[in-house]
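> Here is what each chain is made of, one letter per residue.
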Amino acid sequence: MSLRLAVVGVGAVGRSVVELAPDYGHVVTAVADSRSSAVDPDGIDADATFERKEREGVVGSGDPADALAAEYDVLVEATPTTLGDAEPGFSHVRAALERDRHVVLANKGPVAERYADLRALEAESDGTVQFEAAVGGAIPILSTIADFGPNQITAARGVLNGTANFILSRMAAEGLGYEHVLAEAQDLGVAEADPAFDVDGTDAALKFVILANVLSDGAAVYSLDDAKVEGIRSIPASALDLAAEDGRTVRLIGEATADGVRVGPRLVPQHDALTVTGTRNIVQFETVHAGQLHLSGRGAGGPETATAILSDVSRLE
Amino acid sequence: MSDEAVSTPDADADTDTDVTDPETDGGERPQTHTIRLELVDKPGELLSALRPIAENGGNLLSIFHERGNLTPRGHIPVEVDVECPPDRFETIVQALRDEGVNVIQAGAERYGEELTLLLVGDIVDTDLSDTLRRIESSTDATLADLSLSAPDGRGSASSARLRLATRTGRTDQVFDHVRAIADEKELNVIEPLVEVAE
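Each protein sequence line maps, in turn, to chains X and S. If you read the first sequence in the working numbering, its first letter stands for residue 1294, the second for the next number, and so on. If you read the second sequence in the working numbering, its first letter stands for residue 2, the second for the next number, and so on.
To be clear, the hints were calculated from the coordinates, so they are not data collected in a lab. Do not rely on the hints blindly, as some may be mistaken.
[Claimed, not checked] Across the chosen pairs, the derived CB separations fall in these ranges: (1) S:Ser157 with X:Asp1565: 25 to 33 Å; (2) S:Gly69 with X:Asp1539: 28 to 36 Å; (3) X:Thr1580 with S:Asp88: 31 to 39 Å; (4) X:Ala1486 with S:Ser157: 20 to 28 Å; (5) S:Thr127 with X:Phe1441: 26 to 34 Å; (6) X:Asp1378 with S:Ser130: 43 to 51 Å; (7) S:Ser130 with X:Pro1596: 52 to 60 Å.
[To be verified] With a Cα cut of at most 20 Å, we get these calculated SDA-like pairs of lysine to any residue: (8) S:Lys43 with S:Val104; (9) X:Lys1521 with S:Ala183; (10) X:Lys1346 with X:Ala1305; (11) S:Lys186 with S:Asp126; (12) X:Lys1346 with X:Arg1328; (13) X:Lys1521 with X:Thr1447; (14) X:Lys1346 with X:Asp1359; (15) X:Lys1521 with X:Asp1493; (16) S:Lys43 with S:Asp99; (17) X:Lys1521 with S:Asp184; (18) X:Lys1521 with S:Leu194; (19) S:Lys43 with S:Arg89; (20) S:Lys186 with S:Arg171; (21) X:Lys1521 with S:Glu187; (22) X:Lys1521 with S:Ala181; (23) X:Lys1521 with S:Pro193; (24) X:Lys1521 with S:Asp99; (25) S:Lys186 with S:Leu149; (26) S:Lys186 with X:Ser1527; (27) X:Lys1521 with S:Gln174; (28) X:Lys1346 with X:Asp1356; (29) X:Lys1521 with S:Phe65; (30) X:Lys1521 with S:Phe176; (31) S:Lys186 with S:Asn103; (32) S:Lys43 with S:Phe65; (33) X:Lys1521 with S:Asp126; (34) S:Lys186 with X:Arg1526; (35) X:Lys1521 with S:Glu185; (36) S:Lys43 with S:Asn103; (37) S:Lys186 with S:Gly154; (38) S:Lys186 with X:Glu1523; (39) X:Lys1346 with X:Val1332; (40) X:Lys1521 with S:Arg180.
From a predicted model like this one, the values you see are computed outputs, not experimental measurements. Just so it is clear, CB atoms sit at the ideal spot from N, CA and C, and this is done for glycine as well.
Required output: the full structure, derived from the provided sequences and hints.
Rendered as structure tokens:
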């Protein structure tokens, strides 16, 4: 069945959703960025829309709110993650649910910071909320939890920030200092000009908060304030040298366990399953009856994250 | 902390070699436990430290009273081997502590677990010796190995890798103490992910 999508937010992820939607048999009827929108009930012209975005900085001549009021079945919320009240993402979600539309989020803010509010809105609506893309890019982490059963999984651990993992694995491999590797990561486009969100552990913490919310299955609600978070800025190259002498290395590891959410640099064996290199992500589930389960893959990127969004959309059919 | 070699009676060593056997806890069979104490150098201290052991059903096997040595706090280290059923051991240790005896280390094995962690920051100028001494004296842990790397001298952040031997089940406590000491000295602790020996 073909569904009509409204895509809010046209960064790398939103753009990829618009481009890949036809592959999945869906039609994008509305697109909005923070200043403008393009709406066409028969499907917008993706090329023309993004050309205009490049040229004029807008996707169309409409107001952003026009996209939220347009005809669609699923709202794809792909605006940048914000903390605290998680706005404007949260209002976008509210607008869609109040119209009994489904919502698929790539934005971590509403799920990590206002999970209870989000679930309450969903309960009032005929629409549902999905957010596979908010945790681990292309890796089907949340759908695995749903399949396996949240009560069958006692803990989740792993690496869910590719930027921090890239920096630590490059520091370990080359014996280089943090600042040097960060500059290299920025040149490669792996790290943003302001890397704080990644290297201070906030991004990973939001993902593990979301995992904790999903795993607790309503028994408890977590937000970023509940997480113990430490970043990687203060790690000198000498720490990685000492770790390597002992067959170990350091990774920014997140944990969602019965004790809560914790993200910080940890010593791990060099050949441990969780010790991925480069921008790769991995999550490990501790299951009740089946030992450990590992899921690994690309945790970020436009097309990668778009596949998770479009899988969520397909689940709505 | 301990430099003398004391072999640990290891009654269940052979259970490790046969992996097909389910692990057992030794049941009610008496086991040999080693307890390390610190005594103030005063008459009668040794006797009052040994009384709680006898009163709680422990069979004293040996006492190694290191009169020539002093602990970092200037006390006399004493090592006691005691035989008792495993379930009575905790009672004995508690009774010692209730008597005000400083139990540094207690266990069926001298070192139940080993854990490795990194300390990062201004390690040298925050008095590394003091840091290590306090880690040892505030926990059951003993420093088994130390590596230090300060490639830029004292001027910038340096790193230390510590291997600590501790009693089984006490690792969380050790981490809490290490964290508290590190916080006070504005050092960062990088803990191992799995908090047991591999």
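> Straight-line Cα separation of Lys1521 (chain X) and Leu194 (chain S) no greater than 20 Å?
Given that 20 Å is the threshold and the Cα spacing comes to 15 Å, the pair holds.
> What's the verdict on Lys1521 (chain X) and Thr1447 (chain X), does the C-alpha distance respect the 20 Å limit or exceed it?
Given that 20 Å is the threshold and the Cα spacing comes to 19 Å, the pair holds.
> Between the alpha carbons of Lys1346 (chain X) and Ala1305 (chain X), is the straight-line distance 20 Å or under?
Cα-Cα ~13 Å, so holds.
> Lys43 (chain S) and Asp99 (chain S) were given as a pair; does the straight-line alpha-carbon distance stay at or below 20 Å?
holds (19 Å)
> For the pair supplied as a hint, Lys186 (chain S) and Gly154 (chain S), confirm whether the alpha-carbon distance does not exceed 20 Å.
Status holds; Cα separation ~18 Å.
> Given the hinted pair Lys1346 (chain X) and Asp1359 (chain X), is their alpha-carbon gap at most 20 Å?
holds (17 Å)
> For the pair we were handed, Lys43 (chain S) and Val104 (chain S), check the Cα-Cα distance against 20 Å.
Status holds; Cα separation ~17 Å.
> Could you check the hint for me, namely that Ser130 (chain S) and Pro1596 (chain X) are 52 to 60 Å apart, CB to CB?
holds (55 Å)
> For the pair we were handed, Lys1521 (chain X) and Ala181 (chain S), check the Cα-Cα distance against 20 Å.
holds (15 Å)
> When you check the alpha-carbon spacing of Lys1521 (chain X) and Asp126 (chain S), does it fall within 20 Å?
Status violated; Cα separation ~28 Å.
> Measuring from beta carbon to beta carbon, are Ala1486 (chain X) and Ser157 (chain S) in 20 to 28 Å?
holds (25 Å)
> Between Lys43 (chain S) and Asn103 (chain S), is the straight-line Cα distance small enough, at 20 Å or below?
Holds, at about 14 Å.
Checked against the numbered hints above, the structure violates hints 5, 19, 20, 24, 29, 31, 33; every other hint is satisfied.
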